[in-house]
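Protein chains in written order, with numbering that gives the first Met the number 0: chain A, 0 to 172; chain B, 0 to 172.
One or more of the hints may lead you astray.
Keeping only pairs whose Cα atoms sit at most 25 Å apart, straight-line, the calculated DSS-like set for lysine-lysine is [what the hints assert, rightly or not]: (1) B:K72 with A:K7; (2) A:K7 with B:K94; (3) B:K94 with A:K72.
Output of the computed footprint for chain A on chain B, the stretches with three or more beta carbons under 8 Å from beta carbons of chain A [what the hints assert, rightly or not]: (4) 7–21; (5) 26–38; (6) 44–54; (7) 90–101; (8) 161–170.
One side of the interface only, derived from the structure: several residues of chain B facing chain A at Cβ under 8 Å [unchecked claim]: (9) M0; (10) R57; (11) E58; (12) A59; (13) V60; (14) E62; (15) D63; (16) L65; (17) T127.
FYI, nobody ran anything at the bench for these hints, they're computed from the structure. Where a beta carbon is used, it is the ideal one built from N, C-alpha and C, also for glycine.
Each chain is listed here by its residues.
2 protein chains.
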Amino acid sequence: MKRLRSDKVYDGRYSSVRIDELRYEDGETAEREIVSHPPAVGILAHDAEHVWLVRQPREAVGEDALLEIPAGKLDVEGEAPLECAQRELAEEIGKSAGEWRELKHFYLTPGWADEHMWLFEATELADTAEGEADPGERIEIVRWPLAELDAAIEQCSDAKSLIALLYLRNRLR
Amino acid sequence: MKRLRSDKVYDGRYSSVRIDELRYEDGETAEREIVSHPPAVGILAHDAEHVWLVRQPREAVGEDALLEIPAGKLDVEGEAPLECAQRELAEEIGKSAGEWRELKHFYLTPGWADEHMWLFEATELADTAEGEADPGERIEIVRWPLAELDAAIEQCSDAKSLIALLYLRNRLR
């Protein structure tokens, strides 16, 4: 498909909205309302006994404490996805990882928004040299036992975290 | 948390944006830019040999043919999530199901948008009485062999579909 026209109709802090006119290969055209949001990273950080999660308020969905994997927006100019993931793991959990692996790259809601995410697996975890994490007072660090992984999947209601935990569940069988 | 104020700053066809002021339990306040989008349903439809997927263009992310599970917005007034899923399965795949089960309810991007989804598992599939599906000319129906489920997970880059296929993968081990 080819973009013929693009009109920005809202330009906010992180989100913007545009109306695009597109032409498909067969010549037909269509108009779409598209929400734009920065790409992001998610981190499946675990050792042989625990996976590291966070609980935080999510104002957009009215939740006081949603269980999630560590994650963050790619909003530092020029920062690569892996660097961003390393920074977020240190900031949210206070850990560095000896081993990083890209698990998956995917779209969150491709029907209407352009956000995409790199999901990394981080292992060989160690405390960061800088000491304690500074996750902001509203993020609680949760060290979840792998022996109770099914309960984490049950409690979790966040798409990226479900993908990460289900990958791990598959691996561990 | 409590919402103190809500200002709509964009009101589009499907998406809207508002700036909310919130107060947490401890008295601190915060302002958030929140995108609103209708809730949705996704359907993991399978029998003992195949899972039913679709390939369709996703203009928001510039993809000509994204591999996904059947899904749709809850945009018919008064329609329950299960009814919506039954309608979408008939429209997109031309099937009805004898057995429906709610697998999971989750948020797609709780950090910035309020969209949430009910994921259903549909089994005991039969062709709909109405005959052929009318998925619109840009949706291709894909009958994917369960024996090659890992390849579907590999090819898939859509969050809801990854969740559904990873659940199925876990079930089949």
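Hint-by-hint comparison with the structure:
A distance of roughly 24 Å separates the Cα atoms of K72 of chain B and K7 of chain A; the hinted pair therefore holds under the 25 Å criterion. Between K7 of chain A and K94 of chain B, the direct Cα distance comes to roughly 39 Å. Violation of the 25 Å bound is thereby established for this hinted pair. Note on K94 of chain B and K72 of chain A: the hinted pairing is violated, with a Cα-Cα distance of about 39 Å set against a maximum of 25 Å. Taking a C-beta to C-beta cut-off of 8 Å, the segment 7–21 of chain B contributes 9 residues in contact with chain A, enough for the three needed, and the coverage statement holds.
Counting residues of the segment 26–38 of chain B whose beta-carbon sits less than 8 Å from any beta-carbon of chain A gives 6, enough to reach three: the coverage restraint holds. Counting residues of the segment 44–54 of chain B whose beta carbon lies closer than 8 Å to any beta carbon of chain A gives 0, which falls short of the minimum of three for the stated coverage. With 0 residues carrying a beta carbon less than 8 Å from a beta carbon of chain A, the segment 90–101 of chain B misses the three-residue requirement, and the given coverage is violated. Residues of the segment 161–170 of chain B with a Cβ under 8 Å from some Cβ of chain A number 6, which satisfies the need for three, so the listed coverage holds.
The interface hint given for M0 of chain B holds, since its Cβ lies 6 Å from the closest Cβ of chain A, which is under the 8 Å cut-off. With a cut of 8 Å, the hint placing R57 of chain B at the interface with chain A holds, because the nearest CB-to-CB distance is about 4 Å. This hint holds: E58 of chain B has a C-beta 4 Å from the nearest C-beta of chain A, less than the 8 Å allowed. Taking 8 Å as the C-beta cut-off, the interface hint given for A59 of chain B holds, the closest approach to chain A being about 5 Å.
Interface restraint check: V60 of chain B against chain A, minimum CB-CB distance 5 Å, threshold 8 Å, status holds. With a least beta-carbon distance of about 7 Å to chain A, the hint placing E62 of chain B at the interface is held under the 8 Å criterion. About 6 Å separates the beta-carbon of D63 of chain B from the nearest beta-carbon of chain A, less than 8 Å, and the hint is met. Given the 8 Å rule on beta carbons, the hint for L65 of chain B holds: about 6 Å separates it from the nearest Cβ of chain A.
Checking T127 of chain B against chain A by beta carbon gives a least distance of about 23 Å; that is not within 8 Å, so the hint is violated.
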